[in-house]
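Here the sequence shown stands for residues 1 to 215, numbered as in the working numbering.
It is possible that part of the hints are untrue.
Derived Cβ-Cβ restraints for the label pairs, each shown as a range [unchecked claim]:
| hint | residue 1 | residue 2 | range |
| --- | --- | --- | --- |
| 1 | Glu91 | Glu189 | 34 to 40 Å |
| 2 | Ser44 | Tyr143 | 43 to 49 Å |
| 3 | Gly174 | Glu137 | 38 to 44 Å |
| 4 | Ala126 | Asp172 | 17 to 23 Å |
| 5 | Ala126 | Arg53 | 28 to 34 Å |
| 6 | Glu91 | Glu47 | 33 to 39 Å |
| 7 | Thr186 | Glu6 | 27 to 33 Å |
| 8 | Glu26 | Leu79 | 33 to 39 Å |
| 9 | Arg9 | His104 | 23 to 29 Å |
| 10 | Thr203 | Leu79 | 17 to 23 Å |
| 11 | Arg129 | Pro187 | 42 to 48 Å |
| 12 | Asp172 | Glu91 | 21 to 27 Å |
| 13 | Ala179 | Gly199 | 33 to 39 Å |
| 14 | Asn69 | Glu94 | 24 to 30 Å |
Since the hints were made in silico from the structure, they are not lab data. Note that the Cβ used here is the ideal one computed from N, Cα and C, for glycine as well.
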Amino acid sequence: MSETAELDRLDRAIVNAFQGGFPVVEEPFEPAAAALRDRGVDVSGGELLERVRQLDEAGILTRFGALINAQEIGGTATLVAMCAPEERFDEVAEQVNAHREVAHNYRREHPHLNMWFVVSVSDPTAVERVLADIEAETGRETYNLPKQREFRVEAKFPLDGPVPDGGVDCSDLGPDVEAVDRNTLTPAERDLVVEIQDGLPVTATPYADVAAELG
1 MSETAELDRL
11 DRAIVNAFQG
21 GFPVVEEPFE
31 PAAAALRDRG
41 VDVSGGELLE
51 RVRQLDEAGI
61 LTRFGALINA
71 QEIGGTATLV
81 AMCAPEERFD
91 EVAEQVNAHR
101 EVAHNYRREH
111 PHLNMWFVVS
121 VSDPTAVERV
131 LADIEAETGR
141 ETYNLPKQRE
151 FRVEAKFPLD
161 GPVPDGGVDC
171 SDLGPDVEAV
181 DRNTLTPAER
191 DLVVEIQDGL
201 PVTATPYADV
211 AAELG
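Given the sequences, and given the hints that come with them, work out the whole structure.
The following block contains the structure:
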């Protein structure tokens, strides 16, 4: 976490283009690459897949997949802060990030609380267990800072480079769906959320691979 990654033009285009969405079709990297080509970035579907895989394995992408609003489906998400000694920062970050419930772990400039991350769980009562496990493994105290008020702010992190204005429009791709007015999941839907909460597999057919894993 302490090193600055060197990103080339294609890396930056990928990060900028797909923070807001990705095609939901059988082989999404082909239309995603076509959308990038429309924006002046020459890349094939296979090249895009391989580059996303490299970024994912290098930790440049914290995850590749849908953003799930835990509270909308009966779960919860909370912000957590902790103090990690500078000489152990990377070690502690690795221990924290090993928990599948943890996302968005960032270093912050602060004299005491220099590590901030989000814990997202399907069962609100699980937060205390996750934090207790993290404290036991790291030897560091955690500070649970649950949300008091919701601000609907879309957080994106654009980089200098191609597609600086953000999302590539792939909204016409994928199945037609209608929103449902409920906040409980069927058993099959809950299994799906658990399966993809760490992200999608970076493969040519990620959705089919998830379906195959679920049986």
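Consistency of the hints with the structure:
no., hint, verdict
1, Glu91 / Glu189: 34 to 40 Å, "holds (37 Å)"
2, Ser44 / Tyr143: 43 to 49 Å, "holds (47 Å)"
3, Gly174 / Glu137: 38 to 44 Å, "holds (40 Å)"
4, Ala126 / Asp172: 17 to 23 Å, "violated (38 Å)"
5, Ala126 / Arg53: 28 to 34 Å, "holds (31 Å)"
6, Glu91 / Glu47: 33 to 39 Å, "holds (35 Å)"
7, Thr186 / Glu6: 27 to 33 Å, "violated (45 Å)"
8, Glu26 / Leu79: 33 to 39 Å, "holds (37 Å)"
9, Arg9 / His104: 23 to 29 Å, "holds (26 Å)"
10, Thr203 / Leu79: 17 to 23 Å, "violated (32 Å)"
11, Arg129 / Pro187: 42 to 48 Å, "violated (22 Å)"
12, Asp172 / Glu91: 21 to 27 Å, "violated (46 Å)"
13, Ala179 / Gly199: 33 to 39 Å, "violated (23 Å)"
14, Asn69 / Glu94: 24 to 30 Å, "holds (27 Å)"
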